[in-house]
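*Asks:* Chain by chain, the residues run as shown.
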Amino acid sequence: MGKTHVKLTVNGREVEGLAEPRTLLIHFLRDELELTGPHIGCDTSHCGACTVDLNGKSIKSCTIFAVQASGAEITTIEGISGADGTLHALQDAFKEHHGLQCGFCTPGMITRAYRLLQDNPNPSEEEIRFGISGNLCRCTGYQNIVKAIQTAARELSAPKEAAE
Amino acid sequence: MIPGQFDYHRPASVSQAIGLLAEFGENARIVAGGHSLIPMMKLRMATPDHLVDIQDIPELKGVREDAGALVIGALVTQTELIASELLAEKCPILRETALQIADPQVRNAGTIGGNVANGDPGNDMPAVMQALAATYDIAGPNGARQVAARDFYEAAFLTALKDGEILTSIRIAAPAAGHGYAYQKQKRKIGDYATAAAAVILEMSVGTCSSASLALTNVGDTPLYAAAASQALVGTALDETAIGNAVAAAKDITDPAADSRGPKDFRTYVAGVMVKRAIETARSRATA
Ligand SMILES: Cc1cc2nc3c(=O)[nH]c(=O)nc-3n(C[C@H](O)[C@H](O)[C@H](O)COP(=O)(O)OP(=O)(O)OC[C@H]3O[C@@H](n4cnc5c(N)ncnc54)[C@H](O)[C@@H]3O)c2cc1C
Ligand code: FES
Ligand code: FES
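Read top to bottom, the protein sequences are chains A and B.
The first sequence: position 63 = 63 (my numbering), numbered continuously.
Numbers in my numbering are just positions in the second sequence, counted from 1, shifted up by 1000.
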């Protein structure tokens, strides 16, 4: 049972490596690629802390083998801020609205919210709650997470100010 | 939790997949979305030596109409099912059910084929397929065959699928325009399987129920097609007495496990409530 070749585009960068077929994507990202943003919260497909974007869809990276993802484009929390480190509107809004306390759920929560806003730029409160229902937070009570996502949605869909 | 070791295969066609399954026999397992299988592999409840990943097989994808039947490829994910305009128009119970399965991430990965082939009594789609009188298209080393959803489930995790066979698509005769439908599911929280759930498809004709089809999720070893309960509705105005008779007949065939979702009696009681609500909702949606 040899290792298999895994090739991914992660945060815009092509990466290749060898992995045992049983290596879960979350372990490949964290241990091989040293992208420790996506967290392992439950390891049972429930909490969403391991959420990454795979070919334009949110998935739980603890419930897919790295080889199954081979060939895919992946975005992790590390790929969401600007290349120069500027925070994404969602990251800013989470900070402003206290959308995090311990921060453990935050990478998954923001990565999920990022995709939610791509799919639905103007979600209602109910749509936000349904959209993040696969992400558990033990600290905030969700209220401020919802507020942060609403703020980021407004920010992102506001017409850009005409540059003088 | 890291699953045991296995070799990985990614065939590009159904015939290649069947070849691999034949070569490795009972040590091989198909993986589609992996959202039932990988959790079981983590717990060593499944320990395949070979995984045959069917994700690249084009024949298993997409939703189409074929001679009046709706044909849903095994690889259609729950998210794709929810997004399908054809299904929303012709068979809306599928969308209603898919929206009650797990959460967005799980629905992006989980496939309809995996959901109905898995054989877990907790899966929601099998009862819906029984209510719709769906048939499953199956391909194997000896050619293709079809099995009705109502005949497919034998016991928990035991189905009519034989080693080496692949479920390729699901075939549904679209219910008549104006039909009533509902999938009512009681669960403790998002991401939980049903305490009990009921699927109903019915037709009304000038105030009288002209056909009805009812099935139950997670209150037995298999999904349960509730023939007597369905029959109790036909020819009635779906009045309180008729609904009461159907509820009693449905509760009669349940045999739920006592688990963290509650003791047997409670789950049977909840099944009755789900049946009642599903019939009432379906009635309110039926036109004619
Ligand atoms: C947190 C969580 C909550 C969930 N909640 C629910 C719920 O409420 N209701 C519900 O219905 N489901 C639920 N699920 C299960 C989910 O819907 C699964 O995705 C689904 O049961 C299986 O589909 P899959 O594509 O992931 O199959 P896989 O996990 O890949 O396969 C499941 C089984 O089916 C076999 N198989 C798969 N495809 C085929 C095929 N085409 N032909 C023959 N055999 C095949 C596999 O060999 C395996 O034995 C939940 C899952 C998780 C992780
Ligand atoms: S670690 Fe993947 S869902 Fe919790
Ligand atoms: S901030 Fe602690 S789990 Fe969400």
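Hints are computed from structural coordinates only; laboratory data are not their basis.
Among the hints, a few may not be true.
[Said to hold, decoys possible] Which residues of chain B face chain A? A partial, calculated answer using Cβ under 8 angstroms:
1) Leu1051
2) Gly1191
3) Ile1253
Model, not experiment: these values are computed from the prediction.
The beta-carbon is built from N, C-alpha and C at its ideal position, and this holds for glycine as well.
*Asks:* Verify the interface restraint on B:Gly1191: the C-beta must sit less than 8 angstroms from at least one C-beta of chain A.
*Replies:* holds (5 angstroms)
*Asks:* Interface hint check: B:Ile1253, Cβ to nearest Cβ on chain A, cutoff 8 angstroms. Holds or violated?
*Replies:* Where the cut-off is 8 angstroms and the nearest Cβ of chain A is about 31 angstroms from B:Ile1253, the hint is violated.
*Asks:* At a threshold of 8 angstroms, is the proposed contact between B:Leu1051 and chain A supported by beta-carbon distances?
*Replies:* holds (7 angstroms)
Taken one by one, the earlier hints fail for this structure only at number 3.
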